[in-house]
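There are 2 protein chains.
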Amino acid sequence: MAPSTITRILLKDYVTSGYPKLSDFNIETAPAPTKDQLKVNQVLIQPLYFSVDPYQRGRLSGVKDSYVESYKKGEPITNFLVAKVLASTSKDIKEGDLVTDHDGKFETMYITDAKHVNKVTVSDGMEIRDFVGVLSMPSYTAYYGTFVIGKPKAGETILVSSASGAVGQMVLQLAKAQGLNVIGVAGSDEKLEYVKQLGADTVFNYKTCGNLTEAIRKAAPNGVDIFYDNVGGELLDAALANLNDYARVIICGAISQYNIKSADEIYGIKNMTNVLVRKAKVEGFIILDLFDSPHYPEFVEKVSKLYKEGKIKYKTDEIDGISNAPQAILNLFEGKNFGKTIVKA
Amino acid sequence: MAPSTITRILLKDYVTSGYPKLSDFNIETAPAPTKDQLKVNQVLIQPLYFSVDPYQRGRLSGVKDSYVESYKKGEPITNFLVAKVLASTSKDIKEGDLVTDHDGKFETMYITDAKHVNKVTVSDGMEIRDFVGVLSMPSYTAYYGTFVIGKPKAGETILVSSASGAVGQMVLQLAKAQGLNVIGVAGSDEKLEYVKQLGADTVFNYKTCGNLTEAIRKAAPNGVDIFYDNVGGELLDAALANLNDYARVIICGAISQYNIKSADEIYGIKNMTNVLVRKAKVEGFIILDLFDSPHYPEFVEKVSKLYKEGKIKYKTDEIDGISNAPQAILNLFEGKNFGKTIVKA
Numbered sequence: 001m002a003p004s005t006i007t008r009i010l011l012k013d014y015v016t017s018g019y020p021k022l023s024d025f026n027i028e029t030a031p032a033p034t035k036d037q038l039k040v041n042q043v044l045i046q047p048l049y050f051s052v053d054p055y056q057r058g059r060l061s062g063v064k065d066s067y068v069e070s071y072k073k074g075e076p077i078t079n080f081l082v083a084k085v086l087a088s089t090s091k092d093i094k095e096g097d098l099v100t101d102h103d104g105k106f107e108t109m110y111i112t113d114a115k116h117v118n119k120v121t122v123s124d125g126m127e128i129r130d131f132v133g134v135l136s137m138p139s140y141t142a143y144y145g146t147f148v149i150g151k152p153k154a155g156e157t158i159l160v161s162s163a164s165g166a167v168g169q170m171v172l173q174l175a176k177a178q179g180l181n182v183i184g185v186a187g188s189d190e191k192l193e194y195v196k197q198l199g200a201d202t203v204f205n206y207k208t209c210g211n212l213t214e215a216i217r218k219a220a221p222n223g224v225d226i227f228y229d230n231v232g233g234e235l236l237d238a239a240l241a242n243l244n245d246y247a248r249v250i251i252c253g254a255i256s257q258y259n260i261k262s263a264d265e266i267y268g269i270k271n272m273t274n275v276l277v278r279k280a281k282v283e284g285f286i287i288l289d290l291f292d293s294p295h296y297p298e299f300v301e302k303v304s305k306l307y308k309e310g311k312i313k314y315k316t317d318e319i320d321g322i323s324n325a326p327q328a329i330l331n332l333f334e335g336k337n338f339g340k341t342i343v344k345a
Numbered sequence: 001m002a003p004s005t006i007t008r009i010l011l012k013d014y015v016t017s018g019y020p021k022l023s024d025f026n027i028e029t030a031p032a033p034t035k036d037q038l039k040v041n042q043v044l045i046q047p048l049y050f051s052v053d054p055y056q057r058g059r060l061s062g063v064k065d066s067y068v069e070s071y072k073k074g075e076p077i078t079n080f081l082v083a084k085v086l087a088s089t090s091k092d093i094k095e096g097d098l099v100t101d102h103d104g105k106f107e108t109m110y111i112t113d114a115k116h117v118n119k120v121t122v123s124d125g126m127e128i129r130d131f132v133g134v135l136s137m138p139s140y141t142a143y144y145g146t147f148v149i150g151k152p153k154a155g156e157t158i159l160v161s162s163a164s165g166a167v168g169q170m171v172l173q174l175a176k177a178q179g180l181n182v183i184g185v186a187g188s189d190e191k192l193e194y195v196k197q198l199g200a201d202t203v204f205n206y207k208t209c210g211n212l213t214e215a216i217r218k219a220a221p222n223g224v225d226i227f228y229d230n231v232g233g234e235l236l237d238a239a240l241a242n243l244n245d246y247a248r249v250i251i252c253g254a255i256s257q258y259n260i261k262s263a264d265e266i267y268g269i270k271n272m273t274n275v276l277v278r279k280a281k282v283e284g285f286i287i288l289d290l291f292d293s294p295h296y297p298e299f300v301e302k303v304s305k306l307y308k309e310g311k312i313k314y315k316t317d318e319i320d321g322i323s324n325a326p327q328a329i330l331n332l333f334e335g336k337n338f339g340k341t342i343v344k345a
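These protein sequence lines map, in sequence, to chains A and G.
Number 289 in UniProt numbering belongs to position 289 of the first sequence; there are no gaps in the numbering.
Number 315 in UniProt numbering belongs to position 315 of the second sequence; there are no gaps in the numbering.
Chain A on its own, in the form it takes in the complex (with noise of 0.2 angstroms):
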C-alpha cells in the first residue's frame, strides 16, 4: 500500500554567500499524491536515488540571470534523479518501469509530467544507482560536447579545462578511450596525480605554469583539434591561440568568470581572429535542455558498455537518506566527498 505522506526537502532561505547551512533547508512531512490526480500524460513517481552536484550550489542563490534557474525560496529543490513509476497515464509509460528526471524534485514520491522524464532500463552488470552515478548529468554533459559537439577523431588532440571536475574526468575517459591524445589542465598536484591516473596523456597545473598560451603549447606541440573548456576567460583565450584547422572549442562553463562584479573586470578574448583563421567552431550547450534528444539513450547505451568494459572509473560516495540531502550538499562544498555524491532515497 502506498504511504499516506511523503517527505521532501524545501529551500528555506538563499544562500547569497559562503558554503549552505544545514538551516538553509526544510526537511517537511507533507500529504503523499494518489494516482487520482494524475491529469492526461502525467505520471506518479517514487524516486529510488537523487544525483547531488556542485552546480546547485548556484541554485540555492536566488539570482535570476544566471543560465540556470534557481530554486525558490518555500518550494521543493531539484536536480537530476532516477525513480520508479507507481501509476501513469501516458501511453509510452507504464506502473514499474524506471525513468530518470533531468530536474526532479527532492520528494519520496510526485506528479510530473511524462515529457519531463525519460525511460530508462538497466541493462545487464549495471545498477540502477548508476543512472545517478557513471550515468549521471555530468557524464551526459561531458559525452554530449565531446562527441556530439566536438566530433573526435583517433589520433586528435583534446584539452580539458577542469580535468579533475566531475565533467572533466570523464571528458578524458571517453576522449583517451577514443583514442584521442588529452591534455589535462587543474589546479593543484593532487588534482593533475588524478588526471594522470585516469590516463591524461600530459598535465599542467594553470596555477604555475607561467604563460598559458606557451603553456599549451608545450602540451600540444602539434596543436589543439578540441577544447573541451570549463573555465572561460584566459585559459579560453590561449586555447584560441592554439587551434588547429577545423578545431572545436566546446564552451560547457566558465566558471572564471562568474563571481565578477563589474563589467572591467570581465576578461576580454584577444584571439576570436583565430576561430576565423583556423574556421573553427566554439559552442556552448546546457544539458538541463539536451535530455529530449536521441543522444541521451545513446550516450547511456555508449558509456554503460565502457564502464563494464573497464574503460571507464568511475567512484560514488552514498549517504543514506532523503533527510541527508542537505547534509550531502554540505559535504560537497566543504570538500568531505570523496567521488560523486548520491544520496538514497
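I should point out that these hints are in silico values taken from the structure, not numbers from a laboratory.
In this text the structure is predicted, and so the values were computed from the model without any measurement.
Some hints could be false.
Taking beta-carbon pairs under 8 angstroms as the criterion, some of the chain A residues facing chain G (in silico) [to be verified]: (1) Lys-196; (2) Leu-198; (3) Gly-199; (4) Ala-263; (5) Thr-273; (6) Arg-278; (7) Val-282; (8) Glu-283; (9) Gly-284.
From the three backbone atoms N, C-alpha and C, an ideal C-beta is built for every residue, glycine too.
Once you have looked at the hints, place chain G on chain A.
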C-alpha cells in the same frame, strides 16, 4: 587551331603599402601550353572571364601569416574564374566542358589538376559571365555562411555587418528571400541607402550610432538569431550581447582586426560567456577550402533560380581583355567600379 602564345599577368613587386600601381604588375607573353603536356587527371583550360575582388589586395602584399596565401613575386596572380576545357585526361571532364577554378591563374591558357576545377553548366536564362558575377566567390561565401552555417528559418532576425560589401549585399538578399528580418550595418549613409534598396528591414551606421550594443538592441528588440560577421572586434562583441538562444554567429571576416600592429591594440571580446548562456554557435570558414563541397553546385542552382526570379539584384562592371586586369584591380581600390568587377579574357 590553338594559339602558340599566351598572355599572363605576373606580380612584379609586393604591394606593401597604399594602393597597388600598374607598375606592380607585368603583362607577359609566353609559349602556350599544349595538350601533350597533360599528365594524368589534368585539364588544359582557356579562361573566359576572371573575377576581380577586394580580398586580392591582401594577396598582393607578400605577407605570410594571413589566412589566405600571398601571391608570389614573379608568378601569375590568381583568383576565381570560369574557363573552357581545351583538353582533358580526367574521366569526369571532357573537351568543351565549362569549369570554374576558385584559384585560377590570370593567363589566357593553362594546365591544372582536374581536382582543382569544378565542372559547371549554364542553365536556361543564365550566361557564362554570371559564374564570375552573381555566382562568383563572394556570393558563394554569402550562401555558404548564411545557409550551411546559419541554417536560417523564416521569421528569424539576421544582423549583417559590411552589409553593402560584395558578401554582405548577397547575404541580406538571400536572407530576405528566405523570409528573415534583416538588419544591415554599414559605415556611410550612401551605403545604408543601397542596403535598404536591396531589401534590408532596418539599417544603422556603426560610425554614428553611439553605443553599438544599444544600437543593435534598438534595431533588433527581439534579439539576434544569426550574425553574419565581416568585421570582428567591437561589433562582434556587441552582437554577442544581443544573441537569442541557439543563435549562430558566422565569422566570415574580421577586417577591423587585420591591420593591427601590436597585441595591445587587439580588441578583447567581453561577451564570450553569452555563447554558453545562449547555447550559441560561432563558426569561422574560408571559402577557398569549400569548392569541393556539394554545397557549391547546390549554391549555383539555388542562386541562379533566385536571380532569374528577380529576388536577387546584382550589378557587374565588365572590363575587356586580360591586359586590362591590373587596371581593373586598381579601379577597385580607387572606388572607380560600380558593381562586381569582371574581366573578359
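Each hint tested on the structure:
no.	hint	verdict
1	Lys-196	violated, 28 angstroms
2	Leu-198	violated, 25 angstroms
3	Gly-199	violated, 27 angstroms
4	Ala-263	holds, 7 angstroms
5	Thr-273	holds, 5 angstroms
6	Arg-278	holds, 7 angstroms
7	Val-282	holds, 4 angstroms
8	Glu-283	holds, 5 angstroms
9	Gly-284	holds, 4 angstroms
In the structure shown, a violation is registered for the earlier hints numbered 1, 2 and 3, in ascending order.
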